[in-house]
Every structure is written in C-alpha cells, then in structure tokens.
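Residues 1 to 70 (the working numbering) are what the sequence shown spells out, left to right.
No wet-lab data here; the hints were simulated from the structure. Every residue, glycine too, gets a C-beta built ideally from N, C-alpha and C. There may be inaccurate statements among the hints.
Stated by the list, open to error - Computed Cβ-Cβ distance ranges for the label pairs, DEER-style:
hint, residue 1, residue 2, range
1, T67, Q34, 20 to 30 Å
2, N9, H35, 15 to 25 Å
3, Q34, D60, 29 to 39 Å
4, Q34, N9, 19 to 29 Å
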Amino acid sequence: MSRWKLYDNWSAELTGLTVEQLREHRDLASRRAQHAETRGMGRNPKAARDWRKKLQAVEDELLRRGTEES
C-alpha cells in the first residue's frame, strides 16, 4: 500500500485496523497536528485542522471498540 493511500482513506480504513495499528495512527496524527500548529515548523492551520479530524476519528474508533478511556 502506498503511503498516500493511507492518508486518502484514513477514516474508511480505521475499522479494519488492529488496536496496535490504531494507536500508531493516533500517535502519527497527534504529531502531525502539533507540527502543523507550531511556529517555525511551517505553521499551517488547515493541515492542523485536518490532522485533528483524523486524530478524532482514530480516538472515536478506539472508544467504539472499548479499548481506550479517552
């Protein structure tokens, strides 16, 4: 699978991932959102907003499975 396909189908593929993969996705989205918001790192509010949406989608899936307490 190409790296870009992962980003394009982020929410659609969450249900097919393992809990460990979901945690990796959560960590990636969190880091990317922080980097997009940081001054001096090429601040990009739109990218930050998009990564926060992806992070929320992963957290929602983890909660749906009952594996995380927010």
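Evaluation of the provided hints:
no. : hint                    : verdict
1   : T67 <-> Q34: 20 to 30 Å : 23 Å, holds
2   : N9 <-> H35: 15 to 25 Å  : 22 Å, holds
3   : Q34 <-> D60: 29 to 39 Å : 20 Å, violated
4   : Q34 <-> N9: 19 to 29 Å  : 23 Å, holds
In this structure, the one hint that does not hold is number 3.
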